[in-house]
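Student: We have chain A already, so just place chain B on it with the hints.
There are 2 protein chains.
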Amino acid sequence: MAKKNGSRDLARWQVPAGGKGFELKDCDPSAKPCSSGDKEADKLRVAELAREIDALQDMFWADRRFKLLVLLQGSDTAGKDGTIRAVFKETSPLGVRAVGWKAPSELERSHDYLWRIHHEMPAAGEFMIHNRSHYEDVLVPVVERWIDKKTTEQRYRQINDFERMLTENGTVILKFMLHIGFDEQRQRLQERIDDPAKHWKFSLGDLDARKQWPHYQQAYDDLLRATSTEWAPWTVVPADSKTHRNLMIATLVRDKLQSLKLRYPPDNPALKGLRVV
Amino acid sequence: MAKKNGSRDLARWQVPAGGKGFELKDCDPSAKPCSSGDKEADKLRVAELAREIDALQDMFWADRRFKLLVLLQGSDTAGKDGTIRAVFKETSPLGVRAVGWKAPSELERSHDYLWRIHHEMPAAGEFMIHNRSHYEDVLVPVVERWIDKKTTEQRYRQINDFERMLTENGTVILKFMLHIGFDEQRQRLQERIDDPAKHWKFSLGDLDARKQWPHYQQAYDDLLRATSTEWAPWTVVPADSKTHRNLMIATLVRDKLQSLKLRYPPDNPALKGLRVV
Chain A
1004 MAKKNGSRDL ARWQVPAGGK GFELKDCDPS AKPCSSGDKE ADKLRVAELA
1054 REIDALQDMF WADRRFKLLV LLQGSDTAGK DGTIRAVFKE TSPLGVRAVG
1104 WKAPSELERS HDYLWRIHHE MPAAGEFMIH NRSHYEDVLV PVVERWIDKK
1154 TTEQRYRQIN DFERMLTENG TVILKFMLHI GFDEQRQRLQ ERIDDPAKHW
1204 KFSLGDLDAR KQWPHYQQAY DDLLRATSTE WAPWTVVPAD SKTHRNLMIA
1254 TLVRDKLQSL KLRYPPDNPA LKGLRVV
Chain B
1004 MAKKNGSRDL ARWQVPAGGK GFELKDCDPS AKPCSSGDKE ADKLRVAELA
1054 REIDALQDMF WADRRFKLLV LLQGSDTAGK DGTIRAVFKE TSPLGVRAVG
1104 WKAPSELERS HDYLWRIHHE MPAAGEFMIH NRSHYEDVLV PVVERWIDKK
1154 TTEQRYRQIN DFERMLTENG TVILKFMLHI GFDEQRQRLQ ERIDDPAKHW
1204 KFSLGDLDAR KQWPHYQQAY DDLLRATSTE WAPWTVVPAD SKTHRNLMIA
1254 TLVRDKLQSL KLRYPPDNPA LKGLRVV
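Chains as they are written, first to last, in this note's numbering: chain A, 1004 to 1280; chain B, 1004 to 1280.
Next up, chain A with everything else stripped away, as it sits in the complex:
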């Protein structure tokens, strides 16, 4: 029952195709639409879902009809790394790969911005996780004003076309925007500063991005509306609670995999009665 209620409640966090009526400010980062109300129970549920996802990956691999791309966006400290760890904890490295996107190299910059992305798409039977993504190319350049409105609109269209081509060729795309509040980010950054053992995870540049917070929120608002499509919709994940964030994403990944009606290949009559010597 919890599962059914969960799925129903979750639908409203999916940005409608075309974005009509959607505004990021209507999304409360501290909401917990998936929670049972008991944090310990929620944590156990995440572990259980991670095991289900592992079992589904085995069938996904055997089935070979699909490829899975899980794409995570969100500001610094929003919890992209933690999500990957929790949701795919039980999945063998043979079935899942994660790529973290950073600023492009000189070679990468000399190509179109989708060139390096295309290269890291999942193959048949694979799960691929993108930690940040091509959406950085309509976030950073927009906030920094390196590209104008016309180029931005063009990129939205290019991205939608690219993702449509991928889904038409068997890639299932799940896009999650990890949504934390301004104050939650402050606390998480402060924790990194107050713990000298975590200094290596911290860059003063993180504070520069924080100063641009309203601009990033605006850029996200625009891109979520422009690039939530029928073939690759965005889901906003309230992420002030780490446990809830993991629970919601694990639930949606599991639900999507279940909906594919995966199957193991049929038995091979040629092997019936065969004895190995």
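Relax, there's no trap hidden among the hints.
Put simply, identical chains are the same to the list, so a pair is met inside one copy or across any two.
Derived pair list, reagent style DSS-like, types lysine-lysine, alpha-carbon separation capped at 30 Å:
#: 1; residue 1: Lys-1105; residue 2: Lys-1275
#: 2; residue 1: Lys-1204; residue 2: Lys-1259
#: 3; residue 1: Lys-1259; residue 2: Lys-1042
#: 4; residue 1: Lys-1275; residue 2: Lys-1201
#: 5; residue 1: Lys-1245; residue 2: Lys-1201
#: 6; residue 1: Lys-1245; residue 2: Lys-1275
#: 7; residue 1: Lys-1214; residue 2: Lys-1105
#: 8; residue 1: Lys-1204; residue 2: Lys-1264
#: 9; residue 1: Lys-1275; residue 2: Lys-1214
#: 10; residue 1: Lys-1264; residue 2: Lys-1201
#: 11; residue 1: Lys-1259; residue 2: Lys-1201
#: 12; residue 1: Lys-1042; residue 2: Lys-1204
#: 13; residue 1: Lys-1105; residue 2: Lys-1264
Calculated from the structure, these hints are not laboratory results.
Tutor: For chain B alone, kept in the frame of chain A given last:
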């Protein structure tokens, strides 16, 4: 104490550099040099080691001085997939990648045989697992007599030079040969045939390779002697017992990581007392 004894016993399964005095037939595939004698206790120990390896990967990533390549060879059903699942079960996909090598594509065949391998080497702070490897290029062609003795010797040298270059540039290489007995393989293949749900994992070609068993054993014997080096030694892992195989490899991976004296980067004095607003 178990740990110390374990490590001491394990040394004799490492092929000496240059291979002097080594013969694969002296290695009993049903041996359990690492076992406590209690299978359930051994399984719990594997799970514990997997958690240690995950903690060490976090530090390995932060440290950034090294790259880790874990290379697995072994005949069909020797347990390469199962090893990866058990030993790296707790490691986040962000820190570990597995590549399974199959017959080369037309493009790959048009390059030298190390070209595609080099591309999939770990970067600083990464663990990479090769499920089969460039050693297939001195196994299959030798057994099938596609290359002569001179070319084979040349490849041994090229591989040793390649691996030396890698280790000199910060890659730690662990090479494991999963060693199962002829009868154990028979049982495992028969199980796949007898379970129709596992037919998709089975190819009649697996039986052809089995017919060549003595030739493969000879090819392994030669390559283990020729390519066990000071910089990248081979370890033969008795693998008739799955639990023991996992325990031995997890122990050796953990021990190697511990020996690197990994460290988190120092704290940053510039962050002292900084308040996030």
